[in-house]
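First to last, the sequence lines map onto chains A and B. Residues in the first sequence are numbered consecutively from 1461, following my numbering. Residues in the second sequence are numbered consecutively from 1461, following my numbering.
Hints in this document: simulated from the structure, not taken from any laboratory. Treat the hints with caution; some may be incorrect.
One copy or any two copies: either way a pair holds, since identical chains are not told apart in the list.
[Claimed, not checked] The calculated lysine to aspartate or glutamate pairs, modelled on DMTMM-like cross-linking and capped at a C-alpha distance of 20 Å, are: (1) K1494 / E1609; (2) K1508 / E1525; (3) K1699 / E1855; (4) K1494 / E1855; (5) K1508 / E1760; (6) K1508 / E1478; (7) K1494 / D1527; (8) K1508 / D1527; (9) K1508 / E1663; (10) K1494 / D1795; (11) K1699 / D1658; (12) K1494 / D1877; (13) K1508 / D1800; (14) K1494 / E1734; (15) K1494 / E1661; (16) K1494 / E1663; (17) K1508 / D1755; (18) K1699 / E1661; (19) K1508 / D1577; (20) K1508 / E1734; (21) K1699 / E1807; (22) K1508 / E1790; (23) K1494 / E1771.
In case you want the letters, here they are:
There are 2 protein chains.
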Amino acid sequence: MNARVSAASSEPTEIDRERLLADLAALSAIGAYKSGVHRPTFSAEDIKARAWFAERLREAGLAVEIDGIGNTIGRCSSGRALLAGSHLESQPHAGRLDGPLGLLYGLAAVRALRAADLEPALDVAAWADEEGWFGQFLGSRSFCGEVTEAEMDAARQRTDGTPLRAALAAAGVAGRPRAILPPARYLGYAEAHIEQGDRLESEGLRIGIVSAIVGMRNVIIAAEGVQNHAGTTRMAIRKDAGLALCKLCIAIDQAFPAVAGSRSVWTTGRMRFEPGEPSVIPGRAEMHFQFRDTDPAVLERLSGRLHALIEETNRTGPCRITARLRSATEPAVMDAGMQDAFAAAAEALAPGGWTRMPSGAGHDAQNFARHIPAVMLFVPSIGGISHHWAEDTSEADIVLGAQVFAEGIRRLLVAADRSR
Amino acid sequence: MNARVSAASSEPTEIDRERLLADLAALSAIGAYKSGVHRPTFSAEDIKARAWFAERLREAGLAVEIDGIGNTIGRCSSGRALLAGSHLESQPHAGRLDGPLGLLYGLAAVRALRAADLEPALDVAAWADEEGWFGQFLGSRSFCGEVTEAEMDAARQRTDGTPLRAALAAAGVAGRPRAILPPARYLGYAEAHIEQGDRLESEGLRIGIVSAIVGMRNVIIAAEGVQNHAGTTRMAIRKDAGLALCKLCIAIDQAFPAVAGSRSVWTTGRMRFEPGEPSVIPGRAEMHFQFRDTDPAVLERLSGRLHALIEETNRTGPCRITARLRSATEPAVMDAGMQDAFAAAAEALAPGGWTRMPSGAGHDAQNFARHIPAVMLFVPSIGGISHHWAEDTSEADIVLGAQVFAEGIRRLLVAADRSR
């Protein structure tokens, strides 16, 4: 770290508010849907957004690489730096802030450091497919060295089945090497994001410093019954697989509170009856069930209760229920020192207006936390709404968040410079 | 009716068993799926089946017309006749007997009458779309004069949205006139079918004479909640539309027995959560719910209870549930005289091996019952299985059913001849 950082260490950096909002408007126009966006990973809109963002990184003086899995990485010229990241793609017909906001904060921080004549020792990267269209955090896990070629060979788009390899070819990046995290280069990883819940808003707060990211279990639960005619099959002899899963949903909802933590969540996001005909008793039904907590012990308890409920159901019949773990992530604790730096920045810019809190959503930061210090910063979500086009954050909160993020980055760089 | 009928009235007609089974095998090969068939209305397989059946009707000496809605009608030269009918198309990946068996019985009866040197005063018709791919009993209702051009204009294939008009054009019948029931021509309507339930089998019986066909209500029930992130939205503030419908399903299942008849049935055949993503709380959910009974008063009670449950749910929240009646059919009583003729035939050929029973399934016969005397004859379904490719009936029962059907037809023709 050079002397320029130290010289300015007592004054908060100023981000360019108008430019931040203009960037957000421009990026939100790519794949716009109502007041949100529809940008599936490697869709035409997503590819366009990546090109747009790469150009902004270049303008900010960073050297840009789009690697073999679509990670779009802007590197500064410093030998040692912080890394800021998030994602560009969206959930289906979802909000414009989930992902992009963190990238624009990184970009704004680089510009602010430069404008303040500080060394912008900050890389900024858009990780491909955080939203899981093709897999689980493919981009950031690839950068962390956790994605094999075999996993890439097998990956398919979740709605239309397009192979990841074909999508990468269409995006023009097939065959390129995949960039790998050089741990020695990085002081740590910082990710800003909308909260996607209602805690900050309901407590009248404007900034959240994330203490830990929840772990998650995704389970596919299937019931096998007997498909039959809905008019001629007496109620008494039916083996209705759809009804069996409805009952399980209700049983879970009644049983989980007794073993859950205070912030545990559980959701049945998808339900399908087969064959799905009005006049046919479902012979098979399938649901996607998910639960999350920051405490591994709570995750274990919830998992145990789920399997006990399924065993109980199978003992009484009439259908046979099975569960298959589709994916699991472990809780990730955020770095204490990085939390403190962001907390100090928040207290300086929004005194009393911030809190430490867990993240109920998964983020790329949880993968980095296994390799380098990591931290996250949240801004409020209006009405707690996310994964929906109506998702929003007030302009004042968007700007304050960028300011706190840039200031947190500055404080971390100053501290690193001092500790040399 | 001419003297030839009377002359042979004391001996049961003999159907050609080998030819019946060969016909069944040939027809089942068109659109074969495992041991069943997949023949959506106006699919290539269905059109091929229609052509195959038209050819069999011609061979049996009938004058064949395929009309402007795809009804395939074989007419005898008698001035007054019975009408036998059923359907050729199938439910998705369903059984080979549901529909076709009744048509092959009609064909076998014509041949048997002719072979016995009796006047074959029997028309045989395959009604289009009994299985409701494009609408509700479109073919038989059209023949009964109950389908307007506007209904045809609006009809769409239920899975791929193809307009009925386009499907009729592809089938080569667009623009042809639609045949209309001449009530004065017909002594009555007779339809043989597999039971599609387990009653005959469980009681060790081989023939069912249908007393009435159930009426049915098809209701589309939707819940509106708030779509949100499955990780960040606390359980306490969720408005989960999927969970709301699961709860309603269970509430129906608990409440209906108290107001149902002994043979009432109710089914949720389809369930969809929107957007259907594992990490998104469903903001909307929709289910197709159906209930049936032979008693109009019971249908009214069930309908009342359903709406009371929905009102109750809406009072307690957190989601808003609405119900829309998609279709309704009224119970149809079968003609007593025709029932008696078929019962006498059954008693002659399977003494003590038959019963009178309601039909839990809807059939084209319910539409004819509004215009001319109608009757139905059932043969057992193995394991009560239907609307599934595993649907089956023993060869002995298939043959006996054809024999009883032909003999019932003969007795009705004899009786009509005598009453002249």
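Right, here's what the structure says about each hint:
Taking the shortest Cα distances, K1494 and E1609 never come within 20 Å of each other, neither inside one copy (38 Å) nor across copies (38 Å). Taking identical chains as interchangeable, the C-alpha atoms of K1508 and E1525 lie at most 20 Å apart only when both belong to the same chain, with a minimum of 15 Å there against 58 Å between chains. Neither within a single protomer nor between protomers do K1699 and E1855 lie at most 20 Å apart by alpha-carbon distance, with minima of 54 Å and 27 Å respectively. Within a single copy, K1494 and E1855 get their C-alpha atoms as close as 18 Å, which meets the 20 Å cut-off; across copies the closest is 60 Å, which misses it.
Proximity of K1508 to E1760 under the C-alpha cut-off of 20 Å is found in neither arrangement, the shortest distances being 42 Å within a copy and 57 Å between copies. In this assembly of identical chains, K1508 and E1478 lie within 20 Å of each other by CA distance neither inside one copy nor across copies; the values are 23 Å within and 67 Å between. With identical chains, the CA atoms of K1494 and D1527 are never at most 20 Å apart, being 31 Å at best within one copy and 47 Å at best between copies. In this homomeric assembly, K1508 and D1527 come within 20 Å of each other (Cα to Cα) only inside a single copy, at 16 Å, whereas the closest approach across copies is 54 Å.
Taking the closest pair of Cα atoms, K1508 and E1663 never come within 20 Å of each other, the shortest separation being 38 Å inside a single copy and 68 Å across copies. Taking CA atoms no more than 20 Å apart as the test, K1494 paired with D1795 passes in neither setting, with 38 Å inside one copy and 59 Å between copies. Proximity of K1699 to D1658 under the C-alpha cut-off of 20 Å is restricted to the inter-copy arrangement: shortest distance 14 Å between copies versus 41 Å within a copy. Taking identical chains as interchangeable, the C-alpha atoms of K1494 and D1877 are never at most 20 Å apart, the minima being 46 Å within one chain and 72 Å between chains.
Taking the shortest Cα distances, K1508 and D1800 never come within 20 Å of each other, neither inside one copy (37 Å) nor across copies (75 Å). Taking CA atoms no more than 20 Å apart as the test, K1494 paired with E1734 passes between copies only; the shortest distance there is 17 Å, against 33 Å inside one copy. In the homo-oligomer, the alpha carbons of K1494 and E1661 never lie at most 20 Å apart, since the shortest distance is 24 Å inside one protomer and 57 Å across protomers. Neither within a single protomer nor between protomers do K1494 and E1663 lie at most 20 Å apart by alpha-carbon distance, with minima of 29 Å and 61 Å respectively.
Proximity of K1508 and D1755 under a CA criterion of 20 Å is satisfied in neither setting, with 39 Å inside one chain copy and 62 Å between copies. In the homo-oligomer, the alpha carbons of K1699 and E1661 lie at most 20 Å apart only across protomers (18 Å), although the nearest pairing inside one protomer, at 46 Å, exceeds that limit. Proximity of K1508 to D1577 under the C-alpha cut-off of 20 Å is found in neither arrangement, the shortest distances being 32 Å within a copy and 79 Å between copies. In this assembly of identical chains, the alpha carbons of K1508 and E1734 never lie at most 20 Å apart, being 38 Å within a copy and 28 Å across copies at closest.
In this homomeric assembly, K1699 and E1807 never come within 20 Å of each other (Cα to Cα): the closest approach is 60 Å inside a single copy and 34 Å across copies. With identical chains, the CA atoms of K1508 and E1790 are never at most 20 Å apart, being 33 Å at best within one copy and 57 Å at best between copies. In this homomeric assembly, K1494 and E1771 never come within 20 Å of each other (Cα to Cα): the closest approach is 45 Å inside a single copy and 32 Å across copies.
Consistency note: the structure conflicts with the earlier hints numbered 1, 3, 5, 6, 7, 9, 10, 12, 13, 15, 16, 17, 19, 20, 21, 22, 23.
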